[in-house]
Every structure is written in C-alpha cells, then in structure tokens.
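For this one, chain A is given, so just place chains B and C on it according to the hints.
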Amino acid sequence: MTVSPTASSAATPILRATRPRWGEQVIVGGLFVAAAFSVLVTGAIIAALLGPSLEFFAQISFAEFLRKGIWAPRQGEFAVFNLVAGTLNVTMYALIVAIPGGLGAAVWLSEYAGPGARKTVKPILEVLEGVPTVAYGLFAYLFVTPILQRIWPTFLPGALGEPPGIFSSGAAGLVMGIMLIPTIASVSEDAMRAVPSGMRQAAYGLGANRLQVATKVVVPGALSGIMAAFVLGVSRGIGETMLVLIAAGATAQFTLLPNESVQTMTAFIARTATGDIATGTMDYYVIFAVGALLFVFTFTMNMATIALVRRFRETYE
Amino acid sequence: MKSSAHNRVAQDSARDVTDRLLSGGGRPGAVKSAVFQAAVLSCVLIAIVTLLAVIGWAIVAGWDRLDLNLLTQMPSGMRSRLQTSGLQSAIVGSLMVMAGLAVTVLPLGIAAAVFLEEFADQERWYTRVIEVSVQNLAAVPSIVFGILGLAFIMRGPLSFGSVVYTGSLTLALLVLPTVIVTSREAIRSVPNSIRLGSMALGATRWRTVWHQVLPVSIPGIITGAILALSRAIGEAAPLIMIGTATFVTFNPAGFFEGRFTVLPVQIYYWSSQANDDFHVLAAAGVIVLIAMLLSLNSFAIWVRARASTDY
Amino acid sequence: MKSKHWTRIVALSSVLAIGLAACGGGETADTAQPATETNDSTSEGSTDAAGSELTGEIVIDGSSTVTPHTIPAAELFQEAEPGVQVAVATSGTGGGFEKFCNDETDISMASRRITDDEIAACEAAGVEWVEIGIANDGLAVAVNPDNDWVECITVDELTAIWQSGSDVTNWSQVNGAWPDQEIVLYGPGSDSGTFDYFTDAINGEEGNITANYNDIGEDDNAAIDGVASDVGAMNFVPLSFILESEGAVRPLEVENADGECVAPSEETVQDGSYNPLGRQLFIYPKASSLERPEVGAFIEFYFENQEMIAREALFIPLTDEQVSEARANVAAAIAG
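As they're listed, the protein sequences go chains A, B and C. With the first letter of the first sequence counted as 1, position 136 gets the number 136 in this note's numbering; the numbers rise by one all the way through. Numbers in this note's numbering are just positions in the second sequence, counted from 1, shifted up by 1000. Numbers in this note's numbering are just positions in the third sequence, counted from 1, shifted up by 2000.
Chain A extracted, bound-state conformation (with noise of 0.2 Å):
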C-alpha cells in the first residue's frame, strides 16, 4: 500500500490509500450520519414551526405582525413589535453588562492571570454559566429587584428617574450579562490564546507594557475570534427564556428604559404555550409565529457571524 502525502490544504494532509478499507469506509460513514443529523434536527424545528405559522399568517399578513403597534393577542392586535422591542431591552442592558464584563475577563485571563489563579478562576466561570437559569430568575426578582428598588437615583430626569416596579428589563438585564460573562470571557480567551506568543514577545521586547500587549497586539489579532463570542452572547441573551419569564415582566410596551416592566418574546411563547388558551385559535397560532420570528432572527445572526469572523480571521502559522 503506497501513501502520497497531498496538498497541505488545512491542518492534516490527506494520506489516500491505494486498497480501500471498506469497513473504515463504514464507520466514516456512520460518523458522517451522526454529523448530518444536526441538520435533520434543524429541519425538524422548520417543520415543527412552519405548519402552525402558515395558519396564522393566512389570516394576518406580514405587514400587520411586524408593525409598530399594541401587542395584544386575545384583542385582535398581532403587532409584534413591543415583543421585539422587549427582547431587545433586555439584552441591550444584558450585553452593557456581559461585553465589557467577559471581555475584560478574558483579558484578566488571558494576560495577567497566573497559572494558579487561573487553575481557580476558569472552573469558577464554568459554574456561574451553569447555573440554572430558574435559580438566575428567582435571584434577579427576589434579591436583585428589591435593592435596586432601594438603591435606585432618583434624581435622574423623567421616567428614567422612577424606581423600577417588581419586574423590570433592568433587573433581569443585569443578571442575565453576569450570566453570559463565562460565555463571552472563555470564547474570547481561546481566541486570545490561539495568538502566538511570538507577537507577544515582540511587542515586548520592544518595550510595549502588558496593557499596550493587551489591548494592541492581542485583541486585535483575537477579533475575529472576539467578535463571534460577543454574537455567541447576543444569541444566548436573545434566546434566554427562564429568567426573563421570571424577572422582566409581562407587559408588551415599547420602552428602551431599564425600570419598566417588558415582555420578551420567549416569554411570551413560553407563558402562552402553558397557559390557560385553547388550542387551535389564533391565540395559539400566534405563539408559532413568534417561534419562527426568533428562529429568523437567530439564523440571520448566526449568517452575520459566519461572514464576520471569515472577514477577519487571522491564520497564525
């Protein structure tokens, strides 16, 4: 049997041999199937979402779901819009906390940390992502909400200067970005790390000091890497479903203030789906739409990633 070492294209060289062996062809195979079932997986969610949207969207068109106006399903009023816009809130306030917070701990980690305290650290950051997120939503609406009620300035102009009520895009805010800090600090730090020591040394070696190294050589050569942790952290926000339910409230409104209460869309679907409205009425079509609008959402952003970090990427080596 004759190996011919081809072309470098990526990481390993493909060696052909000569006589195939089919039960590794086999087993190939079988990996290739384990692989593929995640999309079979993605277009069963298509599948599952589709039908149910297509009946509401033959008697509501696209125009009136999407447009600025009351979200108020069992009134006739499909505009989905402040769902949105709840949606949003939250991880606006969300990512304030999380991009500054992960990124600067993936910094911490990544160049100033010691070998022990980051034996310590990671495994720390691991158990804050894991968390229940029911433990984060009776946290942010038990403790986090009474002390910002207390601790609240009220001397700021207008609405912005009314203590937040018992649910508030604030309070879930906050709690969700500490929650998505792991997410985003370890994406980034293997970015980070996957920068060759070599450009650090140099940096150095020419007199640059650590936080010269950190935020001129590093980050920049991680930003690609950097970039698809911060959209990693947006879709984990937007996606978010148990603390919101919990924490931020049920009023559909149009608000980008912290201290009013708001309604995201996966707590929408996910209030609706276990309540008390019957099946097979608008109200419950409805809760489909809303599924599929995430599921658009989700997918675009998911694209934007993709074309972002092939954008920039960096090939060291």
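Hints were generated in silico from the structure; no laboratory data involved. Check before you lean on any hint, since a few could be wrong.
Short, incomplete list of chain A residues facing chain C, as computed with Cβ under 10 Å [what the hints assert, rightly or not]: (1) Ala-252; (2) Thr-255; (3) Ala-273.
In this text, a Cβ means the ideal position worked out from N, Cα and C, and glycines have one as well.
Positioned in the frame of chain A, the structure of chains B and C alone reads:
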C-alpha cells in the same frame, strides 16, 4: 502571519504600536496601567461575587428546609406537611433524565465532532451545511426545543409519550451543538504531529483517530460534556412542554414508562405558589440543583487533572 | 488497552439504549384492571376496609389555578390507595385540554368551562368527558391596607377602571369622593383563566382589558407584592392568595346584582351573594377512564373529601347541592 485580503485591523494595530514604541513615543503610564489591570480584574471579581451571592441567597432563603428530608421524602402539596416535604422524585427524575441524556448525546456529538474535524472535506457544500446547522442550533431558544419535543418525540413519529426518555432526547437535541463544538475544540487542540506520526507508521485515518487522537482529547471532550449536562440539568421550559409533571410522589418506573418530574420544574412551580413555605422549599431545591452542578464540575476537574497530557 | 475499555462501554450503552427502546413504549395505564367490575365498586368509596388493592396510573393535567386543589386530593388518595400512582402536571387550562383531547391524560383541570373549539376537538378524537365543578372560588379585588377611601366598589366603577381603552389613571376620576391618588393596576395575563373570568364578568368580554395594567403573568404572588407596596394600587387575584397574604393587602367588598356590598368569603361565594366574581373550578374526567376502578375511586374520594381539600387549598367547598349534581353527572357518564 497570513491574513485575509481585507483585514488589516491586527496588522495595522501591531504596526501602530511598533511605530509608537520605536519612535520613543509615550506608553501608557503606571497609573493608566494599574487602572486597566484593576478594571479587568474587577470583571472577574464581579462574576465571582455574583456566583457567591446567588449561592448565598439560596442558602439563606432555603435554610429552614436544608435537611435530609429533602432527599428521603417525596414532595407534598399540603401546607401542613411542608416542613417535612422532600424532593426525592424530582432528584431521581433529574438524575434519570441526565443519564438518558448522556447516553444519547455524547456518542452522537463526539461522532459528529470527529467527522467534522478528521474526515470532512472542508470544501464540500454539505460540510458547510452541517457546520451552519450546528452553529444555528446553538442559538435556538430552549422553548423551541420544547415545541420540537412535543411535536416529534412525545407525539409524532416517535410517540414516546411523557416519559423520562422524551425529556432526555429533547434535551439531547438542545445541548448537541454544545457537545459538538467543544469536542471539536478538544480534537483540534491535539498536536498535528501525533496524527502525522501515527500515519507515518502506517496506521489508517480511523485507527489514528481512535487510538491516538481521541484518548488525548478526552479531557477537553469531558469538559464539553459536563458543560452540556450542566446546562441541561437546569432547563425547565422545554420539559414543561413535553408533559413533565409538577407533582409526582413516586420515582419514575423506567426510562420509557411512567410520569416523572425534574428539579427545575418543581422549583418553578413551587415558587409560584401562594404560601411562603413553598418558596423556602423552592430555594432549598435551588441549593440541591447547585450542589449537583458543583459535583458535576468537580468530577470534570478531577478527570481533567488525571487525564491531562502535556505536550 | 484503553480502547478496548471504551469499545466495551460504547457497545454496552448502545445495546442498553436499543434494549430500552424495544421494551419501552406504552403507558402503564394499559396495565390497569380491565373494566369488568361493576359500577357499584366506585360508589363504595376508596375507604374500602377490605383492603382493595387498586393499581394503575392516573394522569391529570391542566390549569395552574386548580392544581393546588388537585394535588392534595392526589396525595391523600395515594395514601389511602398505595397501589395507584397519580401524576399531576400543569400545562394550563388550554394545554391541558389539548392533551386531554389527544387522549394523553385521564382528567383535565380547568379554571373555565371547556370552549366550543375544545369540545369539537375532543369529539373529533372520540374522547368523551364529564364536566365536574370541583370547587368554588372567589375572585377578589384588593387594595393596599393604607387605602382608607374605598370599602365597597361597584361593578360599574370596576369596569371604568379595567376596561379596554380606559383612560383612568387616578382614583378621583372614577368617584368624586375618592382622593387625588394615582391608580396602579396589577393582574394576571391573558393566558390565565382568572383573567378570562374577570374580564368576562366585569368588562363583558373575555380578553377585554385596559392596556394600563401591570401584567404579572401567572405569578399571583407578584400581584400581591405590587399592591402591598403601593397605596394607590389595586389588583384582582384568586381569594386564596389574599388569605395567604396575611394582611399584606385588603380585599374590597363588591356591590352585587341586588345592590348589596358583599365581601368575598366562603359563605357569600357558596350562597351566590358574592357576584359576579364568584366562579367554579372544574375537572373533566374522560368517560373511558371513569370505567377504570382506580379512576372512579379517585373521583369518589375527591367528592367525599372535597370540603377538607378545599380548606387545605384555600378554596371554597361545594355545597351539598353541587356535590349531588356532580355525582349524578359522573354516574350518568359511567352508565351511558
């Protein structure tokens, strides 16, 4: 350093700082550096403090009910019995769902990762489709998986009904992308020299993977598995949709028989009841969940420490 | 050596998984006794001193309002009949009916009557059912304890505050005698049976509600919290939450159809004087399930002990009249 034709960000930045340094220009002073270091450190500290706050709050809130009864007793719905009510059915239910989940998603996810890293031709269209699918699934909200499970697993082609394995399979679909992505990272981090050496000695691709690559990547794969299980253990929304009960006083009869409940669903239900004693129980349930999470993570750390090989 | 280990584990798990899949499937309800027993056994009640060994599984699903009532029933029944397993889930009234008409549950809990669409769905699937009013409930309207200006509120005043399109933001707008105080409203969301009932009774139509209220979803605790923290606040919640709140909020008297101011209580709901905000809670057992002895025994146990269970769950027991009516419905369903 190879970079894509359009991207100059890293190069520009590196060139910029090099220029500045070589020209003897200012570098950020000691104060600025110290502030920056404090800032990034505080990010980590905020995260740690919050974790401690969550655990602390749960312990304080659930303190009255932190006793062995939680493990040995079944739940009760009667106010007069809340002092001795337990969580056994929920704990056993959660453990069984996790077991079914691990058995299902680990082989599937690792196999997919192996294919994508070792055997897939990156230029083919179907490889791209698979990768996009995996990435996409990672971002789908958990409630949508509940809809999926209801339509296709509980009913539809599989029609398992509201049994433990329905929960396991629904959650398996939810965490599959996590397992695939983290396993791929682990496999990718195996030095290429090992593969090349193995194949140079005459081993086939598959034998290289099975005997050389996989054993080395086990720690990373296990980390990914633990991450996935951790996420799944705390999921309530998809399980509610596939018919998880909020009250059972018996442990599940099997993976494919009988109704069941899990800890997060139980916690969520109790937290919405009128009586305060239920809230105390809910907090105690949170502590049990976090304890299970911590043991999972500790197991991962132990495995990583034992199985880690340095190159 | 390591790989042999792994191979064994993988092989074992796959065999296990396949084996489980092959053996599994099918509800344990199938193993319940065939309905060869006569109907008399159900009317004897579960306190069968001869130690009847009932077995089987009963699956109950539905409204989150009725769940706190059914859970004690299930718990106590299982103590009387340890061979029977009762599982209670909370998918909501609508979700419960959906599973019920899909023949996946034995009993559906509902905080409202079954709708025509749901009746049609059950008919299409061949599922026959019985409607049983299992408890009475009062919907209370509550205000902050420091609210000293209103004791009794009329339905018209409630409608003015709560109806769709209402621009009421201040107590004085509704009644001149009331002070200049901002009104803050709390109430459950549109997917709640409590919401359906209140909007139907006060605003004349289910779903008809002002946009200016704080929607607390299904967490009635939050409505209590909201009112307890604001002197101008008002909410509507099931009476049980008021009773559990231990004075955090104060229920109002409502002027009924006869012009009398009536406070919500067990007596006033049972004798019908607390209207229009008195309601019934329902369970819908499947006719085919009733033929199984354990299900019949459970329903009978429920009737026998409904007063104690209602007090436990802080609902209002049925009157004797209501119990006889319910029993008659069940007997008719079994016979028919």
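Status of the hints after comparison with the structure:
1. A distance limit of 10 Å between C-beta atoms decides the matter here; for Ala-252 of chain A the minimum to chain C is near 8 Å, and the interface restraint holds.
2. Given the 10 Å rule on beta carbons, the hint for Thr-255 of chain A is violated: about 13 Å separates it from the nearest Cβ of chain C.
3. Annotation: Ala-273 of chain A was flagged as interfacial toward chain C, and the flag holds, the nearest CB pair being 7 Å apart, inside 10 Å.
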